[in-house]
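**Student:** Quick note, the sequences are listed as chains A and B, same order.
If you're matching positions, the first sequence starts at 2 in this note's numbering and goes up one per residue.
If you're matching positions, the second sequence starts at 183 in this note's numbering and goes up one per residue.
Where hints are given, some of them may not hold.
Chain B stretches covered by chain A per the calculated footprint, using a threshold of three residues with CB under 8 Å from any CB of chain A [as the list claims (entries may be wrong)]:
(1) 262 to 269
(2) 378 to 386
(3) 443 to 453
(4) 501 to 507
(5) 573 to 587
It is worth saying that the hints were derived from the structure and are not from the lab.
The beta-carbon is built from N, C-alpha and C at its ideal position, and this holds for glycine as well.
So you can see what is in the structure, the chains are spelled out below.
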Amino acid sequence: MKEENSLSLFREIAADPYAYLRRLKEETGVKMIGSTCTYTPEEVIIAAGAHPFRISGQSQTLSNSDAHLQAYSCSMVRCMLEDGLSGKLDFADGVVFPHACDSLQRLSDIWRLNIKSLHFDVLLPVKLDSEISKNYFVKVIGRFKNDIEKALNATITNQALQDAIALMNSIRSSMEKLYKIRSENPSIIKGEDMAAIVKASMVMDKKECSAALQEVVGMLSGNENKKDGRKRILISGSICSHPDIYNIIENKDAVVVWDDLCSGTRYFEGVIKGENDALEAIAHRFTERYVCPAKHLGVEFQMANMKKIIKEHNIDAVLFIFVKFCEPFSFDYPDMKNELQKMKIPFLMVEMDQHNHVDEQLHTRIDTLLEIM
Amino acid sequence: MAGRLKATKKMKRIMRNYYMEAKYSKYLGKKVAWITSGGPVEPLIAMGVIPVYPENHGAMIGASKMGGRLSEYAEGLGYSQDVCSYVKDDITSSITKESPIKGGLPEPDMLICSNNICGTVLKWYEIQARKFNVPLFIYDTPFVHTEFTDEARDYVNEQTKEYIRFLEKTLGKKFNYKKMNLVGKRSLHAMKLWKEVLNTAAHKPSPMTAFDAFFHLALIVTLRGKKIVITYYQSLLKELQERNKQNIGAVDNEKYRLLWDNLPIWFRMRWLSEKFASHNAALVADTYTQAWCGVIDYIDENDFLGTMGEAYTRIHLNVGVDQMADTIKGFILQYDVDGLVMHSNRSCKPYSFGQYDIQNLIKEMDIPVLMIESDMTDDRKFAESQVEARIDAFMEVIKQKRKEKSEG
Ligand code: SF4
Ligand code: SF4
């Protein structure tokens, strides 16, 4: 079945993203630029003829990074560093560090001092709700463009940027369609496969990705709406790329219908509007889509956004998945929790010691939430 | 023994009066702003607003050994075990009013948050802005990994103006530029005096220790821009210079000199200072208290508002690990220290991550390094016997080295 074919492409890439990237590099010789956060302006990298990909922190043991980072740093940061130090990323030509949380900020320093590759700091503002910071945001993207041009010895034309925007827009809108189809009709595709699609799309060749996504969307649309009576779950947090979580939930007569994850909607949310100045257009997407808790868009933003999602997608329960030691996400939790209590929406918070590993305890806790409901 | 610095008493009085004034601000017709420790306080002083520092309060909570308990309470509300304890102390105290100051901090009329020390404060001030339902101003200082870019300079300078507009709006009165001029000059003067105070520790034996610096720091943090800070540090400086003249050391029979990195362990100050003193070791300097005079060179006293943006952006915690290592190298030479003690502070990730690399970067200085893992206020995260054994072992290494050198 064709549908199975395109799905299996995503599954295969998600299972071993670095193997895919290594192959891509061998086959095309394209310059590979890794990114540590969804605030990377991928369009600029694409317009320079290079390939942007997300560093997902694949390492399970941390023998190298332990010499640089204390054990109370989050597993995202430790595993990314381990990937870098252990040579898992030897195919990468450079890495981008957008300013996000305190831990990523120091990761950039440590990386620069220990791993030889092109290094890009993108010194984004944290407050995004003033005109001054929006202007600054555009200038930062402009500097990144110059840095990339210099480092890769490339010229980035306005046309190339517009093309890259169009390409990324097509990926983002397909992804959004897919999410919406699934919210309407949760049995149409397994949660595990959805997670694989997002994860793969963060590393895939963008044209290949765009085409494959369109194929999947084409095949899934047009099916009649079937709300299937299962409890509808929202996952909230930073990174949750572990397929097991979706299965645990689906085995309990519930289903994840939406998320606000960096490894989910935060990656593709917000289509870039057709503006004359490409850099401005790119910056505006970042200041208008819904923001990461490490950024500021007013003091009520995270709560309001969650309420909106709950309403739009008829959410029955919220599962917060946090990476242990992560400050930005965990600080919002108590106030979010209070809001949910007022709304009488059940919720559970679980902390993952390692973002890429689901242990027994986590399994049991998720089971318990679903049973309580 | 040198005994306590005489200024200590005066300092306590000033702080008591300051908190009294803040507490009764409403009756005095004054507004209270909560502000982060690295935040631009001078415009507040110029506008007659009373600045209150939850971090200074956190330090007091820590020193009163209440930190673990207050953190635990906040954890009961859903805050994580693994986040900055200053935040948890403050959240708890603002609810339960538990505090070394009777009744806790006065409630804020506005919040001023600068992320030049960490991203944590952003979340912290968002939480309190929701709780108290007061306006929040964020002074956003782009991180200086390797360079302070032109656009970052424009950005912070624009924000200085935005900040003034915010104050005018919130207070409903025009900004007082004339007063600002004076406050700016006083602030710079105070920072210079603070630097001189810290510099006296280069003398052998050192007239003060880092523990003294942690204590006397409170004024430069909370009240810089006010005249009283200047007169206070002038008298402290005189006292220290006098000690130096008479060769009076803060630690009896000082033989070894150490440098401290990161925030203090507020609840173990005395224990640590006695522990080191028992080895005839004095912690003569630290990277933390130096942060309030490290950027003097960027400030133009005749254009404080126009230059404070850069100064506030380039502070010790807002620069790359390699620049931090350079600063540490400078202190090692200036204070002629025999060892470095690094507090790996579970609360403070921006200060602590990178400490291993700093160790690598200062290898050429050939001094032993001790790393103590703890927390600045959460006493649940301190393992006394382990720390004690490690300090003893570390001091043995230092003594051995000294011996080899002298036999050399
Ligand atoms: S999980 Fe949290 S602490 Fe870790 S990199 Fe992401 S935002 Fe930063
Ligand atoms: S201790 Fe560190 S994390 Fe906490 S407020 Fe201070 S600088 Fe920020």
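**Student:** Confirm or reject each hint.
**Tutor:** Hint-by-hint comparison with the structure:
Counting residues of the region 262 to 269 of chain B whose CB lies closer than 8 Å to any CB of chain A gives 5, which reaches the minimum of 3, so the coverage claim holds. With a threshold of 8 Å between beta carbons, the proposed coverage of the region 378 to 386 of chain B by chain A is violated, since 0 of its residues qualify and at least three are required. Taking a C-beta to C-beta cut-off of 8 Å, the region 443 to 453 of chain B contributes 0 residues in contact with chain A, too few for the three needed, and the coverage statement is violated. Interface restraint, the region 501 to 507 of chain B with chain A: holds (3 residues with C-beta to C-beta distance below 8 Å; minimum three).
Look at the region 573 to 587 of chain B against chain A: 0 of its residues bring a Cβ nearer than 8 Å to a Cβ of that chain, fewer than three, so the hint is violated.
Violated hints, in rising order: 2, 3, 5; the structure is consistent with all others.
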